[in-house]
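> Listed in order, the protein sequences are those of chains A and B. Take the numbering used here: the final residue in the first sequence is number 552, and no numbers are missing along the way. Take the numbering used here: the final residue in the second sequence is number 713, and no numbers are missing along the way.
By construction, these hints were calculated from the structure, which means they are not laboratory data. Certain hints may be false.
Below are the DSSO-like pairs computed for lysine-lysine, each with C-alpha atoms no more than 27 Å apart in a straight line [said to hold, decoys possible]:
| hint | chain 1 | residue 1 | chain 2 | residue 2 |
| --- | --- | --- | --- | --- |
| 1 | A | Lys131 | A | Lys49 |
| 2 | A | Lys493 | B | Lys648 |
| 3 | A | Lys465 | B | Lys648 |
| 4 | A | Lys415 | A | Lys493 |
| 5 | B | Lys621 | A | Lys131 |
So, partial list: chain B residues that the calculated Cβ filter (under 10 Å) puts toward chain A [as the list claims (entries may be wrong)]:
| hint | residue |
| --- | --- |
| 6 | Glu562 |
| 7 | Thr580 |
| 8 | Phe586 |
| 9 | Glu605 |
| 10 | Gly641 |
| 11 | Gly646 |
| 12 | Ala676 |
Simulated DEER-style distance windows between Cβ atoms [as the list claims (entries may be wrong)]:
| hint | chain 1 | residue 1 | chain 2 | residue 2 | range |
| --- | --- | --- | --- | --- | --- |
| 13 | A | Arg347 | B | Tyr600 | 46 to 56 Å |
| 14 | B | Trp654 | A | Asn546 | 34 to 44 Å |
| 15 | A | Gly541 | B | Glu562 | 30 to 40 Å |
| 16 | A | Ala436 | B | Trp654 | 24 to 34 Å |
| 17 | A | Val344 | B | Leu686 | 45 to 55 Å |
Note that CB positions come from ideal geometry on N, CA and C, so glycine has one too.
Now for the letters of each chain:
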Amino acid sequence: MLILPLGLGTKLRRMPIVTLMLASVWIGAFVVDRSEQKITDGIFAAAAKTGVRDAARKLFVEYCLGKHGKPSLCERYAVLIRTGFPHKTKIRDGVPELSKKDFEGLGNEQSHASTLRDRFSHCGASPLCFKYKEMVWSFSAAQPFGSPAVKLLSTYSNYVKAEQRYLAELRRMCLNAQCLVRGNINLGSVAWSQLRHGSLSHLLGNLLAFLIFGIYAEQRTNRLLYLAIILLGGSLGMIVHTQFFAGYDTIALGASANVSAVMGMFYVFFFHSRMRFLVWLPRRIYLGSSFFAEVRYCFPLFFVLADIAGGLDNGFSGLRLANVAHMAHVTGFLLGVLGALAIVNWRRLPKTFIYESELDDLRRLEGIRSLGMQLAFANRMLERNPENLRVREIGCAAALRWIPQNPVHYGTSIKAQISKFLRDHLATFCAMNTRAGNVALASQFVERLPVTIPYQLFLANAGQKTILTLANFSVTHANPWVALRLYDLFLMKYPLSSSYERVESYCADLISQLADTTANMRSASSYLKLHLNSPLAARFGAWLSNLELRSA
Amino acid sequence: MPRAPLIVAEDFSVYRPASIVQRWYAITLDLAFFGPMNLLVSIPFARYTEQLEAYGHSSRLMILSVILKIIPVIIYFVWPTWVNGQTLGKRIVGLKVIRTDWGPQLSFGAVLMREIIGKLLGLALLGGGFLMMLFNRRCQALHDHLSATCVIDYRSDRPSA
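Here chain B stands alone, though its shape is the one from the complex (with noise of 0.2 Å):
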């Protein structure tokens, strides 16, 4: 007699936490990535912004040079990453960023939290908010611990020790 099937919802806890090396390897591939985009967005307003920047224009030039950062952060970070928590470097690497309670779907707040402000923090301590990997088990830079998230690698797939 065919019966209703167990609805399970794929358990990350199973994976393994990234590390350190894997991390690394995904924020070069994702800055070479990356980096052509981020130009791209940027070379139209080229001469606008040396112009602001040469005529004392300071306030307007903060503004559009916030904005010409953002652009490519939100397209190539933000939004890959709130859509299915990988950016194209940890696809590539198979690394997946889950919320610290197993749960797939990070809040749009809390990818902000970990993309813009958490790095942002990260890097304002000279990479300390970075290193903060090296001390703890389930390698959570600042970022992570901001955003109450985790990064997994998605290819372990196997019982964590």
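Isolated chain A, as found in the complex (with noise of 0.2 Å):
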């Protein structure tokens, strides 16, 4: 199963060169930079040549015994002490400070913590277990901040002078590497931060979320702000997640907060729109199939929850090392919805516009004359942001304006460039205005197009509600053809419903109650004369014979 955003979908209008340019600085980054290695060894360095790690054992083993454990078992659970002891690095030879030996003995340790760690995930009803795991993990709450309880100890002298070494030789190392832990807050630890990644696969994880949202982003507004807040929400995402949420030797990196921050500003200029998912499932379609999803319910969802979840858990497991900095990333996403919505209520646009540029591209669009050349235009605009109603509007109010009275034969006479512009988009523009409350704009819409020309033709598209509550509305503004064309179109297309006889019945009173007119008779002969399955053909054949028999 894979699920994959893909964005809104839609075309774009201007080359994403902030974003492009910062993606491209960041594969450049990490192809370029290799200090990673040597940030990774120098901690080890750091730890062995100040026993830090050492000393935070010893102390962990004087707290255990203190809550009355075992010496065996609380030398065994000393491993799982994380000071001094990063995590993620493999053994590597050719390090000058530390020794083969230190390193296969450092590859042990790992494994064996890592056992210990599975074991105590999966406590379930040993009260033993849980006790060693509950003091494992107080002692790493307490340690950092001195409690009283860590405080008391003898050996906490020991470990405290030890961890002041570990600091002086970790801030040592990284102010020569541009490192970013806790000590080392600086604009060249922040910066180099977000230009590194930790492997490939963190790169092309946060590149392609960066791509995905980034593109559509940087449309809605100035390049220079865009790149202002991805680089404020970034280093703000960094310093709060360094300063708060990390342990003091843990080193951050990757621009996972400046995506975040992207992510956000595409939350807020993107609220009301839809966005695409790829979902692709195990079955016989191995292409999978791809959903739009309103962008103000997935997103937070989606995204956001994950990240709030990942770093409670975070928060509450002392155990569990925390490879994902899920406060930057929240930290990120919340400055870049506040500069997005700062930026939104800065340059407000009219409702179902999202991109400043289409404000442009409309009186572009109101000044061209040729028909052809607008519907065309108006065609592009949609593909970009196909919520625009004003757009529509004016592409469907031109199309209707040329479309011919009378013609022989519709399926030739009306051209076919209007025909494709009103069967893409005059049902939608009926189903959007009636669904926000603004049936009488989609009436005049309808009304336009002439008696000759069936409904079915352009309004295929459009749903039930939309059609009866036109109808609806054009029998309470006394247009009762225009109504009755919509009821045929109802009974046309819904055979099968249960409200056909309603409708066909009170369709029938309708026609029984049309004025005697000869603008009507002609209305009817000639509706009759294209519309020959209509499934109110029959009623209106029998009105019209009434008729000629009562004037004869």
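Given two chains presented individually in distinct reference frames, assemble the corresponding complex, making use of the accompanying hints.
Here is the structure:
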């Protein structure tokens, strides 16, 4: 199973230069910069040199014995104390500060710690397992804050000295390599942390999300502002995470806070839009299907809640090693949301517009005199924002203005372009307006279709709600012909509807009440000529013959 | 002369029943959205539940576990289905739960029967309750039968064959 967001799934108007530029910078930095290895080796070296790991473990053993732990078990579980114990590094040769033996020792400890961690995650109904798990957890929570439970232990002073030496070493190493840890938060380290990535998969994951959302978010606003929010969101996210949520020897790196800021902007800018998801399930159609989902619902559930849950999970379970900087993501996202809200309030757009460029495009659309060019341009605009009602309105109005009133045969005489535009957009325009409560406008457009053109040609995609609302509106506004044509469309579209008979008898009633005017008779006979298969044809025929009989 | 309009309720009989594949897609999306929400509700109680389990307070543990499982199910599945017959996954795929007599508004009891008891029974039968979809024309699973509901393709909007 795979669920992949694909952005808005609409066409772009301008090249997303900032997004592409940042993506290429990250790729370049990943290829060129090799300092990550140096940094990890530095942490190992600092921990070994200062003996902080052993001091922390001794402190734990004393803490554990004080809580009535068995000495052998306390020694055993001390390996889970994380100070000076980076967990993600592979054992390598060729590091000057540490011998190969030290590295092998660390490797054994790593695998031992991972086995214990697995056991702890499935304690089940074992009070002993839970007791030691609780002990490691409470120690991990108390140790960095120097709580009285730890401070009063005899090995605490040794641990503090070792820790100070370790932090000084770490700071010195990070000053050289510009890595971001709690003791080294400065402009250079914050900037470098956003350029570096831990692994290729880390980089690719960030790039994917950044390109999917960034190319659309960049369309909505000024490029410099967009860049500023990304950099600010990324920096603040990294600082907040490092200062308040990460361990003091955990190095923060990666552009995920920047990507989250972009996602925050995307969420605000396209709050009312729908976004495309690719869903792939292992079944016969291997290409999967794509669905459109409302950004306002799916975004928080799919991305933000996952991060908040992950952040809470890291906070609540002291044993789990946090590889993902969830709180950096959340902070970046919040900053992106705030920045985008400021932009949206500062440069307000008309309803259903999502890009500022649409204002210029709209002016251009209104100025175009040629129908063909106007419809083509409206189509291009709707490819970028299918929700733009104003463009749909202008396009449909132009197409309806040029539609022939008395075609000999509608299939050939209506120009293909007009026909296509109305077929694609008129039903949607009516549906959107009806949904928004603007039935009068939709009704005006429907009325403009000449009686000789069957509604099913252009309103075939309209749903039953739209058709019935428009028909009822026409009835209440004394426009029986439009109402009859719409009811006719309903009957033709839904022959199995349970309301079929009610609608039909209502139409018969309407037809019988039509005024005996020449205009009505002419309309009825021309309607009959062109709508032979209409469900109301028999009723119209009977009404006409009655009139003829009466006049004879 | 203006006259009173014809008031016709939306006729759900014109929609096709949702296919198995569509329902599969919808439940996949639902599970993807439901996952983090479920986690978010249970995380603050994780240590407490572990403690209850370790020290053998099984009755308290059971009550807490049931509450922690039911809350996200009510927020994500029961409430939206009751309000408009659609969870987020169904909304995306374009499906809607309606009554088998084509009525739109589901009763709360029917929703509880469908979303909690019916689905649990379906799972308890090793997924057999869900496989019932394969053997009837309206693609009704066990939970649909029990709650007298069916799922329609709300976008099909054309006469059923």
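> Now tell me, hint by hint, if it's right for this structure.
So, going through the hints one by one against the coordinates:
The straight-line distance between the Cα atoms of A:Lys131 and A:Lys49 is roughly 33 Å, outside the 27 Å bound, and the hint therefore fails. A C-alpha spacing of about 21 Å is found between A:Lys493 and B:Lys648, which places the hinted pair at or below 27 Å, so the restraint holds. At roughly 16 Å between alpha-carbon atoms, A:Lys465 and B:Lys648 fall within 27 Å of each other, so this suggested pair holds. With a C-alpha separation of about 25 Å, the suggested pairing of A:Lys415 with A:Lys493 holds against the 27 Å cut-off.
Taken as a hint, the B:Lys621 and A:Lys131 pair is honoured in the structure, with Cα atoms around 26 Å apart against an allowance of 27 Å. Checking B:Glu562 against chain A by beta carbon gives a least distance of about 6 Å; that is within 10 Å, so the hint holds. Against a cut-off of 10 Å between C-beta atoms, the interface hint on B:Thr580 holds, since the closest Cβ of chain A lies about 6 Å away. For the restraint placing B:Phe586 at the interface with chain A, the shortest Cβ-Cβ distance is roughly 8 Å, inside the 10 Å limit, so the hint holds.
Interface hint at B:Glu605: satisfied, since its Cβ lies 6 Å from the closest Cβ of chain A, which is below the 10 Å cut-off. Proximity of B:Gly641 to chain A holds as hinted, the smallest CB-CB distance being about 9 Å (cut-off 10 Å). Given hint, B:Gly646 at the interface with chain A, holds; its Cβ is 8 Å from that chain's nearest Cβ, closer than 10 Å. With its C-beta approaching chain A no nearer than about 23 Å, B:Ala676 sits outside the 10 Å limit, and its interface hint is violated.
Between A:Arg347 and B:Tyr600 the C-beta distance comes to about 49 Å, which sits within the given range of 46 to 56 Å. Distance hint check for B:Trp654 and A:Asn546: the Cβ-Cβ separation is about 37 Å, which falls inside the suggested range of 34 to 44 Å. Remark: the range hint 30 to 40 Å for A:Gly541 to B:Glu562 is upheld by a beta-carbon distance near 31 Å. Take A:Ala436 and B:Trp654: their Cβ atoms lie about 27 Å apart, and the range 24 to 34 Å holds.
Restraint check, A:Val344 to B:Leu686: a C-beta distance of roughly 49 Å satisfies the suggested window 45 to 55 Å.
The structure is inconsistent with the numbered hints 1, 12, although it conforms to all the rest.
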